[in-house]
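From first to last, the protein sequence lines are chains Y, G and Z. Here my numbering is used: the first residue of the first sequence is 1, the next is one more, and so on. Here my numbering is used: the first residue of the second sequence is 1001, the next is one more, and so on. Here my numbering is used: the first residue of the third sequence is 2001, the next is one more, and so on.
None of these hints come from the bench; they were simulated from the model. For clarity, every value in this text was computed on a predicted model and none was experimentally measured. Treat each hint with caution, since some may be false.
Below, computed lysine to aspartate or glutamate pairings styled on EDC-like, alpha-carbon distance capped at 20 angstroms [to be verified]:
| # | chain 1 | residue 1 | chain 2 | residue 2 |
| --- | --- | --- | --- | --- |
| 1 | Z | K2080 | Y | E231 |
| 2 | Z | K2251 | Z | E2219 |
| 3 | Y | K193 | Y | D143 |
| 4 | G | K1033 | Z | E2219 |
| 5 | Y | K45 | G | D1019 |
| 6 | G | K1006 | Z | D2550 |
| 7 | G | K1006 | Z | D2558 |
| 8 | Z | K2542 | G | D1019 |
| 9 | Y | K223 | G | D1226 |
| 10 | Y | K43 | G | D1019 |
| 11 | Z | K2257 | Y | D143 |
| 12 | Y | K45 | G | D1226 |
Label-pair ranges, simulated between beta-carbon atoms [to be verified]:
| # | chain 1 | residue 1 | chain 2 | residue 2 | range |
| --- | --- | --- | --- | --- | --- |
| 13 | G | G1364 | Z | M2518 | 56 to 64 angstroms |
| 14 | Y | R249 | Z | D2297 | 41 to 49 angstroms |
| 15 | G | S1365 | Y | N195 | 33 to 41 angstroms |
| 16 | Z | F2079 | G | R1171 | 32 to 40 angstroms |
| 17 | G | G1176 | Z | K2437 | 29 to 37 angstroms |
| 18 | Z | S2282 | G | E1282 | 19 to 27 angstroms |
| 19 | G | E1282 | Y | K10 | 54 to 62 angstroms |
All C-beta atoms, glycine included, are put in the ideal place defined by N, C-alpha and C.
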Amino acid sequence: MNTVTITLVKQPQLFLEADLVTPDQFAGKSIEAIGAIEISEGKIKYPLASFAKIEGASGATAEETKIVLNGDWTRVKRIGQKMTAGEIIINSNVDMYTGGWMIGGKITVNGNADSFTGIAMAGGELTINGDCLNHVGSAYRGDWRGMTGGVLRVTGNVGNDIGTFMRGGTIIVGGDAFIHVHTHGEGGTIIVKGNVEGRVGGQSVKGDVFVNGTIDFMMPGYKYVDDVEKEVDGVKAVYAHYIGDLGERHPTSKGVQIFTNLYLKK
Amino acid sequence: MQEVIKHVACPYCGSCCDDLEITVDDGKIIEVKNACIIGTEIYHHASREGRVGSPRRRQPDGTYKDITYDEAIDFTAKMLIKAKKPLIFGFGSTNCEGMAAAGRVAEDAGAVLDNCASICHGSSFLAIFDTGYPSCTLGEVKNRADVVVYWGSNPAHAHPRHMSRYGVFPRGFFTGKGARGRKVIVVDPRYTDTARCADHFLQVQQGHDYDLFDAFRMVMHGHGADLPAVVAGIPKEKILEVCDVIKAGRYVHIFFGMGLCHSDGRNHNVDIAINLVRDINEVTKCTIMAMRGHYNIAGPGVVWAWQFGFPYCIDLTKGSIAHMNPGETSSVDLANRGEIDAFINIGTDAGAHFPIRAFEKIGGSVPMVTIDPSVNMAATVSDVHIPVAIVGVETGGICYRMDNVPIQYRSVIKPFNGILTDEQLFDKIYERMQELKNAGVESDGKWEYATPLADVRPVKEVYE
Amino acid sequence: MTEYIIKNGCVIDPTQGINGQKMDICIKDGKIVDKVSKAAKVVDATGKTVMAGGVDIHSHVAGPKVDAGRLFRPEDKLFKSPNRKSNLRMEMGFSVPSVVKTGYDYARMGYGFVMEAAMPPLEAAHVHEEIRDTPIIDEAAMPVVGNNWFLLEYLKNHETENAGAYTSWMLNATRGYALKCVNPGGTEAWGWGLNCITIHDKVPYFDITPAEIMKGLIETNEYLRLPHSIHVHTNNLGNPGNYTTTLDTLKLVEGYKPNNDFGREQVMHHTHLQFHCYGGDSFKSSSFESKSKEVMDYVNKQKGLTIDTGNVTLDETTTMTADGPFEYHLTHLNHLKWTNVDIELETAAGVVPFIYDPKTYIAGAQWAIGLELSLLAKDKDRCFITTDHPNAGPFWRYPRIYKWLLSAKARNDLIANELKYGDKVIDTTYIGELSDKEISLYELAQMTRSGPAKALGFSHLYGSLKTGMNANVAVYDVDPENLPSDPEQYETAFGNVFAFFKDGVLCVENHEIVNYSMPKKTVWVNSIVPENKQVERDIRDKFLHSYTVDLENYAVFDEHVHNPYAIKVDITE
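Same shape as in the complex, but just chain Y (with noise of 0.2 angstroms):
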């Protein structure tokens, strides 16, 4: 794998978007290439090179492509969009948007992310060692087809929407969410370590969640079902077992009706 490292050594007065910084549009390309890559900040477009140091050299392909991304990009969005293959590392926080449509490959952001991360994943892995913002793995707006597969970790804390119109993939928060919890969820996990204030799984259609601390508002539309043992990223816990939403439409499958499973850690 080669490995292309930028730095980023100036700021923007508003923001940046960074949507080609993947390693989909940087492999085959020469540093000199690399750096002609268009960035924009409102309407005036720049160089990559005219805010960032650029080195080492990228692969032939993406899946061979890595980049570091180093300096503050806190007000950088975009970057990852639609990327296919490779790997992203971020050393700073990161504005909107990362991994965004993001088909394979991984990104690791070592730092905060703001909101619309991950929004519909359709694979890989996406990992915040820090908090996110709204909107985590979830769909753009109007559209039912939100996440749909891949692995989107976040070790700290979350605020609302997390995975919502989410069908397929993972999720998993380290630390507490707000509110709106695989709302419209139609399939994929979410799992919660931490506390949730409410509305986890509303207008849920079938999916599976979990939440490891408490729930001060449940839904009134998940009921009690039973207690079972289950393995949530490794480890093995209790859970009160809960199905829902009752509110919303549900799918039948041999003639039962499937919902979605909430699990609560006793």
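Given the coordinates of chain Y, work out where chains G and Z should sit on it, guided by the hints.
Here is chains G and Z on its own, set in the frame of chain Y:
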């Protein structure tokens, strides 16, 4: 010589009452008939002393001096070209012709184009994007509805003639008994004046409407037996009772407002309300409607949807395509994050209605133009203030009522002091932008003319 | 004004019986003329096809439910919109394009006129605003009348003159063109959550049947001598087995004669017929079948009918129709988001996204049925190509439909390679029997130019290259003397017009839009009838008691109608 102008549509709230009668004498408004107290005031204040008759520019010492429209237009056009990410926000009180003209300017400038829904029924838009909008025109409620719900909405104060024209009292074609043939349900954390008309009042625990909707939906899906004893402060028995009223209705209609849009969960509250409507349609006819606050705040949503495909929060800075994502491209978020470098506040008052922290970020440091007939709060910190004609009073045009019915507005007097309409102003701004671009003015984000406010004290200093 | 000469093209103009003859077309002062001076700019059309600008008889492009479709589908724009070209305005949207993209894409296909398929009268001003903001193409709109309270009452009592007086008033108030009838009676029933499935089901309260409504509307339309016939979307759309309702509807024309001075010969135009030709009792391949042949057998022998196809394009698209109950039914089938607007006293609309997935049996069958209609039609000038945009697919897919009709190979390849259940589609439809049928370019011109113009009653304005016509002329990269062996070239050529003139102004040159600012018209019918005090009183009464707008604010103000072109029809003369 006195003249009575009839069939005038009122430029206050989303009810768009179009039965006003305005008496005009020698270019001054003398009397207003049929309007509520607020609509009446809009007409009278147009003819009072103190109208702003000319654009004004803030001087280095903080006072304002009159300038010409040409100077104001030049400032605005230059600002729009030079800024990297200018924001044009407002349109709560403009006609559609003005909104269409602004759309052309925003596209040419590469600006973010947003309207007051962003701080109001934007939550409803997000819900509509995700789940649709089974709605109707107000006449369907008047003529058919026998069960009417006002949820998180207080028309007695915000839409004074709404209940008499549409929701509760009118005798429509199939509703000849008027209020006596209707059941009214009000859901609100407070016992409002609207609740005083209710047959059933549910004092929902604030911030928990979502849970209450879930409970209603459980009943509609046949799981009423699984209801907890109390949901969101409402006892199970009451929930079941109200569901029975709804199911027995011939036509159920739900009006909703800020109670859903701006309590926790926002768009999700509206979303689940809409899904309840879907559920009710399995049993009986049901529709829902957002109580749009202003007489043409539906306008920019409708106009920009046909021009750009999106109703608000439209980022046109990319130049190639339009991009919308509230949370990123919404005005308050752009302001809070420091993501804009120029601001036009039009037909609204960001100074009064933005969260103070958001306005602080832009008020002191970002060049600002306010386009509004009055000196509102935003105008007191703007670099330039441009007055425009009051729609519905001094200029006509098309406005979209809360149910998206286009209402043709009329003018009853000429614009004060010959001030321009929004449409004329934006068209002139567009022309000036072409002239400046041809003369070599570029988008470089460099300001020579923004004058920072010396005496703006951050709110922190005052209150903390 | 500039003179142009389109030199040496192969002209195809069914209005003059010209089929591929090499001729020059001359343009001066916005009109087609016999000759021009040497100063005329030359457009070299050697080896190319020259036709009149296209005429779209039915497309949802301007108005409240179209806008509702745009508004509630941000995802129809995301990553699906082309990058803005430097000299043009931004173009957004895939299945429900912005008005700018609409105008540009029709121009790119060489279309000069589009009929907005359904205008709710109360919201006419909205339609006119969108028409104003749509560049290039001339437009008209058809007010919906099949569920209108005034008409339900007049027609129940067989009061044709009153129905005519009201309809005339309403056409003028809305600046409408023709009478659109959608799910007659059923959409009023939908005001209570109900429907009319057969044409003999009674409408709640109004106690009239869809058959009575449609017959009454035919009588009203002919009484008013309107340029177009009634334009019908009959009951029971989209349901398996509905072809019987369709045949019942089509047969209503028997005994009626067209009454007009515009050369129109039909008394009913039935739209998007594909959705109405279903047999069987479910969407499963074990039951569903095409009944296009049974329906077209009747259409072929009934000269009083014209139809348009409503072809499925196999895309993710957005359905939108005044058939409110159908959309409610659809959202139950696919569980996707649903928008609905019931409009007081008049009509309703529903909008639901829909995916015609070629990996499903039913989408393949619907696709086949749409093509069968054109291939089975004996009079190609009574059968017009549409997609009921955006219901069966976006309008800018028309060139793909042409490809499937012009090339049997393209059709058969799709069945073999793209339809997952191609075998079942062949078993349950007629597409297999038609596997070697192709239409000609002449027939294509009939189905997209001369035919729709005649049915709409404006052959004197559109669809023809006769001298004196407004110069709407399209030049395509198709050589009739050397037809392409690769059918993809049909789609490319018809989707990227080489040159297009709109009212004599060069709009597209060398496949690129060079001018989008030429004037465009709103065409409408100014109907004049004898004074009718009863109807005047009824109108005042309903506005006072039932509508929520003032009568004086209802008719669209002159200043809100863009560049109107009125066709006057005065029955008092």
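The hints, checked one at a time:
Restraint check for K2080 of chain Z and E231 of chain Y: not satisfied, since their Cα atoms lie roughly 41 angstroms apart, outside the 20 angstroms limit. A hinted pair counts as satisfied when its Cα atoms are at most 20 angstroms apart, and K2251 of chain Z with E2219 of chain Z qualifies at roughly 15 angstroms. Note on K193 of chain Y and D143 of chain Y: the hinted pairing is violated, with a Cα-Cα distance of about 28 angstroms set against a maximum of 20 angstroms. With a CA separation close to 45 angstroms, the supplied pair K1033 of chain G and E2219 of chain Z exceeds the 20 angstroms bound.
In summary, the hint linking K45 of chain Y to D1019 of chain G is not supported, as the alpha carbons are separated by about 52 angstroms, beyond the 20 angstroms threshold. Distance restraint check for K1006 of chain G and D2550 of chain Z: the Cα-Cα separation of roughly 10 angstroms lies within the 20 angstroms cut-off, and the hinted pair is therefore satisfied. A distance of roughly 18 angstroms separates the Cα atoms of K1006 of chain G and D2558 of chain Z; the hinted pair therefore holds under the 20 angstroms criterion. Of the pairs offered as hints, the one joining K2542 of chain Z and D1019 of chain G holds, with about 15 angstroms between alpha carbons and a cut-off of 20 angstroms not exceeded.
A threshold of 20 angstroms between alpha carbons decides the hint, and for K223 of chain Y with D1226 of chain G the separation of about 7 angstroms falls inside it, so the pair holds. Using a Cα cut-off of 20 angstroms, the hinted pair K43 of chain Y and D1019 of chain G is violated, with the two alpha carbons roughly 46 angstroms apart. Taking the CA atoms of K2257 of chain Z and D143 of chain Y, the gap is about 50 angstroms. The hint is violated against a cut of 20 angstroms. Proposed proximity of K45 of chain Y and D1226 of chain G is contradicted: the alpha carbons are some 58 angstroms apart, above 20 angstroms.
Evaluation of the 56 to 64 angstroms hint for G1364 of chain G and M2518 of chain Z yields a failure: the beta carbon distance comes to about 48 angstroms. Between R249 of chain Y and D2297 of chain Z the C-beta distance comes to about 42 angstroms, which sits within the given range of 41 to 49 angstroms. In this structure, S1365 of chain G and N195 of chain Y meet the distance hint of 33 to 41 angstroms, their C-beta atoms being roughly 39 angstroms apart. Between F2079 of chain Z and R1171 of chain G the C-beta distance comes to about 51 angstroms, which lies outside the given range of 32 to 40 angstroms.
Checking the proposed 29 to 37 angstroms range against G1176 of chain G and K2437 of chain Z shows it is violated: the Cβ atoms sit about 60 angstroms from each other. For the pair S2282 of chain Z and E1282 of chain G, the beta carbons lie near 21 angstroms from each other, so the given range of 19 to 27 angstroms is met. Range check, E1282 of chain G to K10 of chain Y: about 59 angstroms between beta-carbon atoms, so the 54 to 62 angstroms window is met.
Checked against the numbered hints given earlier, the structure breaks hints 1, 3, 4, 5, 10, 11, 12, 13, 16 and 17 and satisfies all the rest.
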